[in-house]
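Chains as they are written, first to last, in this note's numbering: chain A, 1 to 296; chain B, 1001 to 1312.
It is worth saying that the hints were derived from the structure and are not from the lab. All figures in this text were calculated on a predicted structure; none of them were measured in a lab. No residue lacks a Cβ here, since even glycine has one placed at the ideal position from N, Cα and C. Worth double-checking, as some hints may not be accurate.
[Said to hold, decoys possible] Ranges of calculated distance between the beta carbons of each label pair, as one might list FRET restraints: (1) B/Arg1054 x A/Lys239: 29 to 39 Å; (2) B/Lys1059 x A/Glu254: 38 to 48 Å; (3) A/Phe210 x B/Glu1049: 32 to 42 Å; (4) A/Arg123 x B/Pro1060: 54 to 64 Å; (5) A/Asn27 x B/Gln1064: 53 to 63 Å; (6) B/Arg1045 x A/Leu40: 54 to 64 Å; (7) A/Glu254 x B/Pro1060: 19 to 29 Å; (8) B/Trp1226 x A/Ala176: 25 to 35 Å.
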Amino acid sequence: MTVTQHTPQPAPSPLAYMARATVKAFNANKTSWVGLVIFLIVAFAAISAPLLAPHDPVEQNILYKLRPPTAEHPIGTDAFGRDILSRLLYGARISLVIGFVSTLAAMLLGSVIGIVAGWYGGRFDVIVMQAMDMLLAFPSLILGLLIVAMLGPSMTNIILAIALTSVPAFARIARAPTIAVKEREYIEACRALGYSDTRIMGGHILPNIFPEILVMASLWLANAIRTEASLAFIGLGVKPPTPTWGGMIREGFENILDSAWLAVAPGLAILIVVFALNLLGDGLRDAIDPKLKGEA
Amino acid sequence: MTAFLIRRLAFAVVTLFAVLTLVFLLVRIVPGDPAQVILGDQASREAIEAMRVRLGLDKPVWQQYATFLGGALRGDWGVSMVTGRPVIEEVLKVLPWTIELTLVSLLLGTAIGVPLGVWAAVNRNRAVDYASRISSLLGLSFPPFVSAILLLLAFSIALPWFPVISARTGSAGAWFQSITLPAINLGLITAAYITRVTRSAMLDVLAEDYVRTARAKGVPWRAVVWRHALRNALIPVITVIGLYLSILIGNSVLTEIVFSRPGLGKLIVGALNQRDYTMLQGMMVIYTLIVVAVNLMTDLAYGVADPRVKLQ
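If we strip away everything but chain B, and leave its shape as in the complex, we get:
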């Protein structure tokens, strides 16, 4: 287990550096001088020079890179070009909203997707199976902002059950009101992915010899499916959930926009519109950290779901 963990940790560190480097390069290929962009066309030469010094743009590129990497790891991501407040402060302010939404929709997606996938696999090529396959294919065809708009139209506008702006806080009721529609939107799309992979993993496992053996020695079918088969089908399911999280993070951006819910999505779109490059750079750092952390957790989950992984 230790060797497995060390290897995964090393990969995580390499990923972190590689993506941070990519972000650094991407932000620097922006056409034009950021100082000029911030100050506008009317700025004097001296003002632009001063801004360049303030942003550290007067230093050689390798030095900027070292400063960026050091800062990124220490949590010093610079100051927003628009609000003047530290980027990390702005990010941490909305981060809980996004994490909460992602976790609730992941739970919802798993709670719907795993049983539905098992049910479809057990009833292979029957009506249930076809219905679940078509509906899950439809689910993963939905652009998340389109499904969000339909939900908003149905349950906030036609039937005024939920707020149009999902940003209420204070009580449990307010929390429930603000998270329900966004979480249903992301949860149903997540469920579509999880249903498909659970079904296919279960089909593989149900064909195994040990499933037949369990049946032959008289284990009830229900126990065979849920205890013997599902346990073994979980590894590919966890892999897909881990990979899917990065899609979910992208989808949450679109969902947050439609439901006017605070979060990383709203923050990044605001930064885009106002050309707040330090904010964008900081947001990429936080996304990278989240992705690396999620991958590590996925690896740990393998170990829990399948003790054999630890030995490899």
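Excised from the complex, chain A in its bound form:
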């Protein structure tokens, strides 16, 4: 800090303030850095899959099926002779895209529901939140499974199913801080200035509760990736031959007795990504709200 007592400095720009606050939150719990670095490596690998992958992920070569690792195929080949490393790299793209889009959609819809319910309160709040609680009580994997089974296993439908099952969680996350914030003086001031409800909610409440929503989003991204893999393992993933981690485990499981690695490699990939995101989100949550420490 270069600010001295005598020379009044202009307030830092919102962007610089946010950047500093973010670094501070990360520093509060070093495990968040570990999670972030692992996650960025995976994201980088996914983005540059076409450059990194040694082979075409869907190219079959029956002569080379179920081969152990060699220089040409660093993690071996599957039952169709396809290169597992290339499939893992391309599979990461599917996992991350489905995870990101569904979490973003759930975050947007859920936050709006939570903020509006918290802001207006009363009977409206009770009814909306009870509806959310009902959805939350229902096993999300079962509901997602039913939605995908009925609509068909396409990428859009999988995203829709995962997003719908995560909306209630975001509504709850957004509602609690909205209720806490709406009694503050600066919101009072907004009201006195005659701002519309929409303007107060969007321009003054949302920015204040956004860090909490974002931290929860990292935890729900982990959940979305795991749900996508679970659906694919059951057979409701993006259609083959497109590589998905869950689908690779499903195929590998059929050869579990002689080529266990086929199922284990994508399994470890999912575990690493989900664990990294949980480390990241868990550490940040501690920093943002010490009261939430360690809550599931």
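Assemble chain B onto chain A, guided by the hints.
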């Protein structure tokens, strides 16, 4: 207590109707004509018409809805499109397997999770605490089918201690063989959730004035932790266990598939693969009933754990 129970019961009934309605709508948004799907492309117009009448699809939607709701509550969930047997019969046949697995893993998870969470909270920021936090975070990061596959590889294939197909019946030994690996798989993941919430609830309670008072008047630390503090920390733990049960039901589906264990999971996946819509619909009804029942039991557990709840 009565008012509390009546309120919770009313919520349960509303939930039941809402979810049943959702299931009804979901099954009906399926693209295409179910009659056509069952009979295939070669079926004649008359056959499809007859199937539509048999399935009640010729009636107006509100009438189908009334029939569905009435049937769902009476236990008449229609006939499986594949086997031709009543859905409820098929469900009841495998239900005990799933309930047994869920209960055993919940017990296992609680038996590991609660003491571990208390231990971690008491030793806050020491090695034990860090170890329990990292391992519980790892536990809840595991997709249940991945951990199941690893267990299967280790203890059924590398070390042939347990069967690859966990469907043995007959003797106590067979029962033990069939439930051990699936229950360990689900139990460890459950323990991860319970450890975390127990730890955080205990940390809150240990900071309370009455804990200091108990210490000051000379109550042994062990008694303070286990009798004074844990009793008060139980409410959030019960809440999480109640919420977690719905995750556990989803996880049990994946576990049953990996261990080839009979149960609702295997049944629902079979119904999915064979496009057995009446079976799927019936399974959603049973899941809804289970969830509503579990929520009611969670509410009752609050009353037992904390007498103050009854007064609210």
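For each hint, the structure was consulted:
1. B/Arg1054 x A/Lys239: 29 to 39 Å: Holds, at about 32 Å.
2. B/Lys1059 x A/Glu254: 38 to 48 Å: holds (43 Å)
3. A/Phe210 x B/Glu1049: 32 to 42 Å: violated (56 Å)
4. A/Arg123 x B/Pro1060: 54 to 64 Å: Violated, since arginine 123 of chain A and proline 1060 of chain B (Cβ atoms, about 33 Å apart) do not stay within the stated range.
5. A/Asn27 x B/Gln1064: 53 to 63 Å: holds (59 Å)
6. B/Arg1045 x A/Leu40: 54 to 64 Å: The hint (54 to 64 Å, Cβ to Cβ) holds, given that arginine 1045 of chain B and leucine 40 of chain A are roughly 59 Å apart.
7. A/Glu254 x B/Pro1060: 19 to 29 Å: At 46 Å between Cβs, range violated.
8. B/Trp1226 x A/Ala176: 25 to 35 Å: Hint holds: Cβ distance 31 Å, inside 25 to 35 Å.
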